[in-house]
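Trainee: Sequences are here, hints too, so could you generate the full structure?
Protein chains: 2
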Amino acid sequence: MTAAAISVFGVKIEGEFSKGDQVADRIYDACVEAGVALQDDDVVVVTHKIVSKAEGRVARMTAGDWAARDALILKEGATFIRRNRSVAITKTKHGFICASAGIDASNVEPGTVTLLPRDSDRSARSIRSRLNHLAQVDVAVIICDTFGRAWRNGQTNVAIGVAGMLPTINYRDTTDSFGTVLKVTNIAIADELAGTAEMVMGKAEGVPVAVIRGAPVKRGRGTIKDLIRPASDDLFL
Amino acid sequence: MTAAAISVFGVKIEGEFSKGDQVADRIYDACVEAGVALQDDDVVVVTHKIVSKAEGRVARMTAGDWAARDALILKEGATFIRRNRSVAITKTKHGFICASAGIDASNVEPGTVTLLPRDSDRSARSIRSRLNHLAQVDVAVIICDTFGRAWRNGQTNVAIGVAGMLPTINYRDTTDSFGTVLKVTNIAIADELAGTAEMVMGKAEGVPVAVIRGAPVKRGRGTIKDLIRPASDDLFL
Chain A
15 MTAAAISVFG VKIEGEFSKG DQVADRIYDA CVEAGVALQD DDVVVVTHKI VSKAEGRVAR
75 MTAGDWAARD ALILKEGATF IRRNRSVAIT KTKHGFICAS AGIDASNVEP GTVTLLPRDS
135 DRSARSIRSR LNHLAQVDVA VIICDTFGRA WRNGQTNVAI GVAGMLPTIN YRDTTDSFGT
195 VLKVTNIAIA DELAGTAEMV MGKAEGVPVA VIRGAPVKRG RGTIKDLIRP ASDDLFL
Chain B
15 MTAAAISVFG VKIEGEFSKG DQVADRIYDA CVEAGVALQD DDVVVVTHKI VSKAEGRVAR
75 MTAGDWAARD ALILKEGATF IRRNRSVAIT KTKHGFICAS AGIDASNVEP GTVTLLPRDS
135 DRSARSIRSR LNHLAQVDVA VIICDTFGRA WRNGQTNVAI GVAGMLPTIN YRDTTDSFGT
195 VLKVTNIAIA DELAGTAEMV MGKAEGVPVA VIRGAPVKRG RGTIKDLIRP ASDDLFL
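For the protein sequence lines, the chains are A and B, in the order given. This note's numbering puts the last residue of the first sequence at 251; the count rises by one with no breaks. This note's numbering puts the last residue of the second sequence at 251; the count rises by one with no breaks.
Hints may be right or wrong, so weigh each one.
Copies of the same chain look alike in the list, so a pair counts if it works inside one copy or between any two.
What the hints assert, rightly or not - Below, computed lysine-lysine pairings styled on DSBU-like, alpha-carbon distance capped at 30 Å:
| hint | residue 1 | residue 2 |
| --- | --- | --- |
| 1 | Lys105 | Lys239 |
| 2 | Lys33 | Lys89 |
| 3 | Lys89 | Lys26 |
| 4 | Lys26 | Lys232 |
No lab work stands behind these hints, which were simulated from the structure alone.
Mentor: Now the structure itself:
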């Protein structure tokens, strides 16, 4: 049997996260516990939920209280893009188009919700820096959330923060197998990695971290802004 | 070192595909050649390009001839959703929202383009049935293409046909780690699997197939229609 090109490890972390917790330290300990020895060029994908909790990005809100939710969306500095019954599609201060500014009542104490990290790239950089120090490696880090999409049913995990990698792989200027220059192919690999990670995270099972080994990631100083299409270029805003 | 939860194998296939080729037979031979022994519950992700070629879904068109492209889009039975300079966002007969009805000038002989399979679920079922017979296993099959998205830069691979699996995993009615009922989580796992596969396929390197092992796929008679949001429910059409 040939070796896998890409391997995905789920990392379970016991116990809750609360404000002030050192996320990278707990990830590192959990990797050791799980027998996942981090290596150079691994991509460590972290659900934003534990980052938000550790950063104190939690607010009081009753699930299903739409007025309270709308007030919180505005307090987060997000704007409404579309509204339909209970659904509010918003643009966050980071530039993400997602439901309810990312406010989320799942996997958090009843009566409270998590908010998105204020600066998810900075959160990713901070986790990466500490993880690299603890494990003496050079990994990339992605912070992810679960977003819906236009036109397609179902949600997928996408990247909302990156560190140590470029979130896209650009095939413009390269040629295909017939020598044709590929003009428009720019793969959002950070989103594909986030989606891959979702499959080992599940939705309720205490696996907030995935380690992905072997992906064709380009290392560098990427930012999540590279994944946000400017409104002036967007045909659906 | 603990075992990976999910393993992804790339399967290289030598030589071009043309009308009448038996896709499943060539995939099976290539798996044997690559040392990837198919197992029950593997997901075999196949780029639509080789399926389209084998089904004769190729047309003459010069890349960059927008008038010819628009004529071909209409001939395919697609409708225009948005247009902007050279970009045409369309809705295909299958219901996919994508650029140029999926017409693609990459990795095909210059002067020709590939079209999407007419019935990509049927193509997937046919490949699955033959693969299961040849390998004496029970796998799921996804046919994928590379689509752009609203709001986010970069393309990702998504599913355009499925066989032997449900394209979504529904977490409605399940509870999270605090006992809260998860109301809206319905993960488009077929799209996450397609995105995962893209990372081993590259864009020009003759790897049209990925085998994904260990993903939490629900087996069953799924259809790609499960991933298409009805226009009446869509806020961005």
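Trainee: With identical chains, the pair Lys105 and Lys239 could be close in the same copy or across copies; at 30 Å between alpha carbons, which is it: within, between, both, or neither?
Mentor: both (13 Å within a copy, 28 Å between copies)
Trainee: Is it within, between, both or neither when you check Lys33 against Lys89 at 30 Å Cα-Cα?
Mentor: within (20 Å within a copy, 58 Å between copies)
Trainee: Within a copy, between copies, both or neither: which one fits Lys89 and Lys26 at a CA-CA cutoff of 30 Å?
Mentor: neither (33 Å within a copy, 51 Å between copies)
Trainee: At 30 Å max between alpha carbons, let me know whether Lys26 reaches Lys232 within a copy, between copies, both or neither.
Mentor: Both: 27 Å inside a copy, 22 Å across copies.
Violated hints amount to a single one, hint 3; each of the other numbered hints is respected by the structure.
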